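Could you build the full structure based on these sequences and the hints that come with them?
One line per chain: the protein sequences are A and G, in this order. When we follow my numbering, the leftmost residue of the first sequence carries the number 2, and every step to the right adds one. When we follow my numbering, the leftmost residue of the second sequence carries the number 5, and every step to the right adds one.
Since the hints were derived computationally from the structure, they do not count as laboratory data. No experiment lies behind these values; they were computed from the predicted model shown. Each residue gets a CB set at the ideal place from its N, CA and C atoms; glycine is no exception. Mixed in with the good hints there might be a few duds.
To be verified - Here are the in silico distance ranges between beta carbons for each label pair:
1. G:Leu179 to A:Leu19: 45 to 51 Å
2. G:Pro89 to A:Val274: 46 to 52 Å
3. A:Phe278 to G:Asp34: 57 to 63 Å
4. A:Phe278 to G:Lys180: 47 to 53 Å
Stated by the list, open to error - Covered stretches of chain A, going by a simulated chain G footprint (3 or more residues, C-beta under 8 Å):
5. 189-195
6. 198-208
Claimed, not checked - Here are the simulated SDA-like pairs of lysine to any residue, each with C-alpha atoms no more than 20 Å apart in a straight line:
7. G:Lys143 to G:Val128
8. G:Lys166 to G:Glu43
9. G:Lys284 to G:Asp262
10. G:Lys364 to G:Gly343
11. G:Lys166 to G:Ala123
12. G:Lys143 to A:Asp185
13. A:Lys101 to G:Glu25
14. G:Lys143 to A:Tyr188
15. G:Lys190 to G:Gly229
16. G:Lys143 to A:Phe282
17. G:Lys143 to A:Met207
18. G:Lys72 to G:His33
19. G:Lys143 to A:Met212
20. G:Lys284 to G:Gly271
21. G:Lys143 to G:Glu132
22. G:Lys143 to A:Pro213
23. A:Lys101 to G:Phe65
24. A:Lys101 to G:Glu66
25. G:Lys143 to A:Leu210
26. A:Lys101 to G:Phe19
27. G:Lys143 to A:Leu208
28. G:Lys180 to G:Glu191
29. G:Lys364 to G:Ser328
30. A:Lys101 to G:Gly24
31. G:Lys120 to G:Gln107
32. G:Lys180 to G:His205
33. G:Lys143 to A:Arg205
34. G:Lys143 to A:Pro209
35. A:Lys101 to G:Val29
36. G:Lys72 to G:Arg30
37. G:Lys166 to A:Glu190
38. G:Lys166 to G:Glu11
39. A:Lys101 to G:Glu18
40. A:Lys101 to G:Ile21
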Amino acid sequence: MAARVTTRSEHKAGGILLALPALLWLGLFFLLPLIIVLIISLMSRGSGGSAVLPFTFDQYTRVFDTFWIVLQRSILVALLTTAICLVAGYPLAYFITRRKTAFGRQFALFLVILPFWTNFLIRTYAWRVILGREGLVNNALLNAGLITEPLTLLNTEFAVVLGLVYGFLPFMVLPIYASLSRFDHRYIEAANDLGANDVTSFWRIMLPLTMPGVIAGCILVFIPAIGTFVTSDLLGGTRGLMIGNLIQNQYSGNGNMPLGAALSVVMMMVVVVALLFYARFGEEKK
Amino acid sequence: MADAKVELIDVHKEFPIRAGEASAVRAVHDLNLDIYDGEFFALLGPSGCGKTTTLRLIAGFEQPTAGKILIDGRPMHGVPAFYRPVNTVFQDYALFPHMTVLQNVMFGLQMDRVPKQEAQRRAVEALELVRLPNAMNRKPREMSGGQQQRVALARAIVKRPKVLLLDEPLGALDLKLRREMQLELKEMQQQVGITFVYVTHDQEEALTMANRIGVMSSGELLQVGRPEEIYESPATRFVADFIGETNFLNGTVNTTDDEYAYVDVNGETELAGMWEDSVKPQQQVTLAVRPERIAIRPYNEAPDDSDRSARAEETNTIAGHVVSVHYMGTDTRYMVRVGGGQAINVRVQNVLGQRTTSFKERDAVILNWGRDSTRILTH
Ligand SMILES: Nc1ncnc2c1ncn2[C@@H]1O[C@H](COP(=O)(O)OP(=O)(O)O)[C@@H](O)[C@H]1O
Ligand SMILES: [Mg+2]
Numbered sequence: 002m003a004a005r006v007t008t009r010s011e012h013k014a015g016g017i018l019l020a021l022p023a024l025l026w027l028g029l030f031f032l033l034p035l036i037i038v039l040i041i042s043l044m045s046r047g048s049g050g051s052a053v054l055p056f057t058f059d060q061y062t063r064v065f066d067t068f069w070i071v072l073q074r075s076i077l078v079a080l081l082t083t084a085i086c087l088v089a090g091y092p093l094a095y096f097i098t099r100r101k102t103a104f105g106r107q108f109a110l111f112l113v114i115l116p117f118w119t120n121f122l123i124r125t126y127a128w129r130v131i132l133g134r135e136g137l138v139n140n141a142l143l144n145a146g147l148i149t150e151p152l153t154l155l156n157t158e159f160a161v162v163l164g165l166v167y168g169f170l171p172f173m174v175l176p177i178y179a180s181l182s183r184f185d186h187r188y189i190e191a192a193n194d195l196g197a198n199d200v201t202s203f204w205r206i207m208l209p210l211t212m213p214g215v216i217a218g219c220i221l222v223f224i225p226a227i228g229t230f231v232t233s234d235l236l237g238g239t240r241g242l243m244i245g246n247l248i249q250n251q252y253s254g255n256g257n258m259p260l261g262a263a264l265s266v267v268m269m270m271v272v273v274v275a276l277l278f279y280a281r282f283g284e285e286k287k
Numbered sequence: 005m006a007d008a009k010v011e012l013i014d015v016h017k018e019f020p021i022r023a024g025e026a027s028a029v030r031a032v033h034d035l036n037l038d039i040y041d042g043e044f045f046a047l048l049g050p051s052g053c054g055k056t057t058t059l060r061l062i063a064g065f066e067q068p069t070a071g072k073i074l075i076d077g078r079p080m081h082g083v084p085a086f087y088r089p090v091n092t093v094f095q096d097y098a099l100f101p102h103m104t105v106l107q108n109v110m111f112g113l114q115m116d117r118v119p120k121q122e123a124q125r126r127a128v129e130a131l132e133l134v135r136l137p138n139a140m141n142r143k144p145r146e147m148s149g150g151q152q153q154r155v156a157l158a159r160a161i162v163k164r165p166k167v168l169l170l171d172e173p174l175g176a177l178d179l180k181l182r183r184e185m186q187l188e189l190k191e192m193q194q195q196v197g198i199t200f201v202y203v204t205h206d207q208e209e210a211l212t213m214a215n216r217i218g219v220m221s222s223g224e225l226l227q228v229g230r231p232e233e234i235y236e237s238p239a240t241r242f243v244a245d246f247i248g249e250t251n252f253l254n255g256t257v258n259t260t261d262d263e264y265a266y267v268d269v270n271g272e273t274e275l276a277g278m279w280e281d282s283v284k285p286q287q288q289v290t291l292a293v294r295p296e297r298i299a300i301r302p303y304n305e306a307p308d309d310s311d312r313s314a315r316a317e318e319t320n321t322i323a324g325h326v327v328s329v330h331y332m333g334t335d336t337r338y339m340v341r342v343g344g345g346q347a348i349n350v351r352v353q354n355v356l357g358q359r360t361t362s363f364k365e366r367d368a369v370i371l372n373w374g375r376d377s378t379r380i381l382t383h
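Listed below in structure tokens is the structure:
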């Protein structure tokens, strides 16, 4: 049998063939719906909230005029959630990497993902029981005599952020853990040796070298947080209304499909900005 | 000692029991050592003998289980690594991968709050000292092992520490580069005048570079001395074996005098050697002699005057048979089996035109060497 050398173009053709199922999948279930949403967002509202011609920018005008406050709140809540997850998640991930045995690390990781074993909805409902007027927190504080009136904890932005942090913390911890477990602690010794105390070593050495995990964690928390509607619906009431709830409302009952589509497109733009940020800072440090 | 830079007093280090280990690891045991100002001190020993632990104790990365460490006369108990006047060149360099070479070298100066301009000037100077003036803006991963080694050196030396600790700094380099760097390092040490504590498992490296050598084994310091002392009068069998090549002959002491002990090695031959620890008649001892100190001649030939050991009464003489011959280029090695069954290795330099006699297997030969080249070891 004669030796046969595969040429570059053959490789290329094979590559495209292999990628075809994935490309079809992406085209059919990602790109096509995206284009449909974009088109709908440029249409007018018909009877029962359906989308009809003519094309118009009205929906976008409404998004930025009427719902700007909600959009702003969504971004703020998502940013706050991300920040709290980061501040809580980094030390937690560090704690896990510093366990002495492999079992210790695995057990701690297991605890982090344990909540996933219960349905998200049920877990969020549980927070209502904890935070309600006659919930666990208020009862405990009243019994301890620390307060005389029950606090309003439920149906606040605070409750939404709390619920989101609770729900998304693992998404922050896991990528940071991955980065930290690759981090070589001898760099810290080298920094100590050169006169850096532990705080300086953290800011100058450990944080920069684990930045990919931090950025990935932030993205993984920020994106679902900004689109949330279950948590804000259950814990936020009207004061915690988020863009996700608005979108949901447009598609149910007496809604407005084009407006919902426009809100979705705007939300997606925010996410794209976040991803560009990731591409800029997350990849660089490899 | 007034001018001891580093003093280790009764230092002990035990690591706690880890999973799967029967007992705590005794990494360093009863260590007493003074390292003097400006000297190049080599800590030499096989892998796992506690060299790195000793260095880490001085640097402050580990705390002694017992004992005291003084640097520049100051007790180091409770002083964290970042306050100690020492810097370390790590075995795998530990250069910060996200910083350029210049940033790496400037890091230590920034920690001392040296103004930026001056820090930069000193960093550039340090890089010139290690002959890397043109790599300042490169990242460590873009450099070869030898270059990274130089950066690590510059980073540690730029702070002008009282003591520089080096943990097998040339271990990752290939042989040729290692030889070059040995000379450069030695030169640099003399130039900057910083006390070096240099960890190595390479006896040749220690012998060529150090002012003094400390030989370690199983967490204990066996002997401290100048290279020629360690080589010429090893205190124990381990030291003699670890540093260079040595023949060991077991025997029983017949008599002793002020300098020498006379040892029976096979019931018929008496050999003399210098003793350090006092020995008594009938004591079992080991005679140690280096292969290159032994002269070899045919059995029936009288010693000629050009032999290294001219005066017969001051030499040890023993007869034997050649068992094996190895030509090694610069020299030839013979293994000779002597009466009683013990074997002696002999190394003869191949000098053109001088001595043409060479031996074959089974040749009967006479070996002789100076008494002063012979050590009596008791442990
Ligand atoms: N952190 C540690 N925990 C447990 N044992 C250790 C630790 N560091 C070193 N040892 C043990 O201490 C002994 C000496 O180690 P080390 O100082 O690294 O030797 P060397 O540098 O001479 O090769 C070894 O038996 C090693 O396994
Ligand atoms: Mg070591």
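Right, here's what the structure says about each hint:
At about 47 Å, the CB distance of G:Leu179 to A:Leu19 agrees with the hint of 45 to 51 Å. Taken as a hint, the range 46 to 52 Å holds for the pair G:Pro89 and A:Val274, whose Cβ atoms sit roughly 50 Å apart. A C-beta distance of roughly 58 Å is found between A:Phe278 and G:Asp34, which places it inside the suggested range of 57 to 63 Å. Checking the proposed 47 to 53 Å range against A:Phe278 and G:Lys180 shows it holds: the Cβ atoms sit about 49 Å from each other.
Residues of the segment 189-195 of chain A with a Cβ under 8 Å from some Cβ of chain G number 6, which satisfies the need for three, so the listed coverage holds. Counting residues of the segment 198-208 of chain A whose beta carbon lies closer than 8 Å to any beta carbon of chain G gives 4, which meets the minimum of three for the stated coverage. Restraint check for G:Lys143 and G:Val128: satisfied, since their Cα atoms lie roughly 16 Å apart, inside the 20 Å limit. Only pairs whose Cα atoms come within 20 Å are accepted, and G:Lys166 paired with G:Glu43 is accepted, the gap being roughly 11 Å.
Distance restraint check for G:Lys284 and G:Asp262: the Cα-Cα separation of roughly 12 Å lies within the 20 Å cut-off, and the hinted pair is therefore satisfied. With a C-alpha separation of about 18 Å, the suggested pair G:Lys364 and G:Gly343 falls inside the 20 Å cut-off, and the hint holds. A hinted pair counts as satisfied when its Cα atoms are at most 20 Å apart, and G:Lys166 with G:Ala123 qualifies at roughly 19 Å. At roughly 17 Å between alpha-carbon atoms, G:Lys143 and A:Asp185 fall within 20 Å of each other, so this suggested pair holds.
Restraint check for A:Lys101 and G:Glu25: satisfied, since their Cα atoms lie roughly 15 Å apart, inside the 20 Å limit. Under the criterion of a C-alpha separation no larger than 20 Å, the hint pairing G:Lys143 with A:Tyr188 is consistent with the structure, at around 15 Å. Under the criterion of a C-alpha separation no larger than 20 Å, the hint pairing G:Lys190 with G:Gly229 is consistent with the structure, at around 18 Å. A threshold of 20 Å between alpha carbons decides the hint, and for G:Lys143 with A:Phe282 the separation of about 18 Å falls inside it, so the pair holds.
Between G:Lys143 and A:Met207, the direct Cα distance comes to roughly 17 Å. Compliance with the 20 Å bound is thereby established for this hinted pair. Between G:Lys72 and G:His33 the CA atoms are separated by roughly 13 Å; this keeps the pair inside 20 Å, and the hint holds. A hinted pair counts as satisfied when its Cα atoms are at most 20 Å apart, and G:Lys143 with A:Met212 qualifies at roughly 18 Å. Proposed proximity of G:Lys284 and G:Gly271 is supported: the alpha carbons are some 18 Å apart, at most 20 Å.
With a C-alpha separation of about 17 Å, the suggested pair G:Lys143 and G:Glu132 falls inside the 20 Å cut-off, and the hint holds. With a C-alpha separation of about 18 Å, the suggested pair G:Lys143 and A:Pro213 falls inside the 20 Å cut-off, and the hint holds. For a cut-off of 20 Å, the pair hint linking A:Lys101 to G:Phe65 stands: about 18 Å separates their Cα positions. Annotation: proposed proximity of A:Lys101 to G:Glu66 holds, straight-line Cα distance about 17 Å (limit 20 Å).
Only pairs whose Cα atoms come within 20 Å are accepted, and G:Lys143 paired with A:Leu210 is accepted, the gap being roughly 14 Å. For the hint linking A:Lys101 to G:Phe19, the alpha-carbon distance of about 14 Å falls within 20 Å, and the restraint holds. Pair hint G:Lys143 plus A:Leu208 holds up; C-alpha atoms about 18 Å apart against a cutoff of 20 Å. Restraint check: the Cα-Cα separation between G:Lys180 and G:Glu191 comes to about 17 Å, which is no more than 20 Å; the hinted pair holds.
The hinted pair formed by G:Lys364 and G:Ser328 meets the criterion: a straight-line CA distance of about 8 Å does not exceed 20 Å. Restraint check: the Cα-Cα separation between A:Lys101 and G:Gly24 comes to about 13 Å, which is no more than 20 Å; the hinted pair holds. Taking the CA atoms of G:Lys120 and G:Gln107, the gap is about 11 Å. The hint holds against a cut of 20 Å. Proximity of G:Lys180 to G:His205 is assessed by CA-CA distance (about 17 Å); at most 20 Å being required, the pair is judged to hold.
Annotation: proposed proximity of G:Lys143 to A:Arg205 holds, straight-line Cα distance about 16 Å (limit 20 Å). Of the supplied pair hints, the one linking G:Lys143 and A:Pro209 holds, its CA atoms being roughly 15 Å apart against a limit of 20 Å. For the given pair, A:Lys101 sits about 17 Å from G:Val29 by alpha-carbon distance, which is consistent with the 20 Å threshold. Only pairs whose Cα atoms come within 20 Å are accepted, and G:Lys72 paired with G:Arg30 is accepted, the gap being roughly 17 Å.
Between G:Lys166 and A:Glu190 the CA atoms are separated by roughly 19 Å; this keeps the pair inside 20 Å, and the hint holds. With a C-alpha separation of about 13 Å, the suggested pairing of G:Lys166 with G:Glu11 holds against the 20 Å cut-off. Taking the CA atoms of A:Lys101 and G:Glu18, the gap is about 18 Å. The hint holds against a cut of 20 Å. Annotation: proposed proximity of A:Lys101 to G:Ile21 holds, straight-line Cα distance about 12 Å (limit 20 Å).
Consistency note: the structure conflicts with none of the earlier hints.
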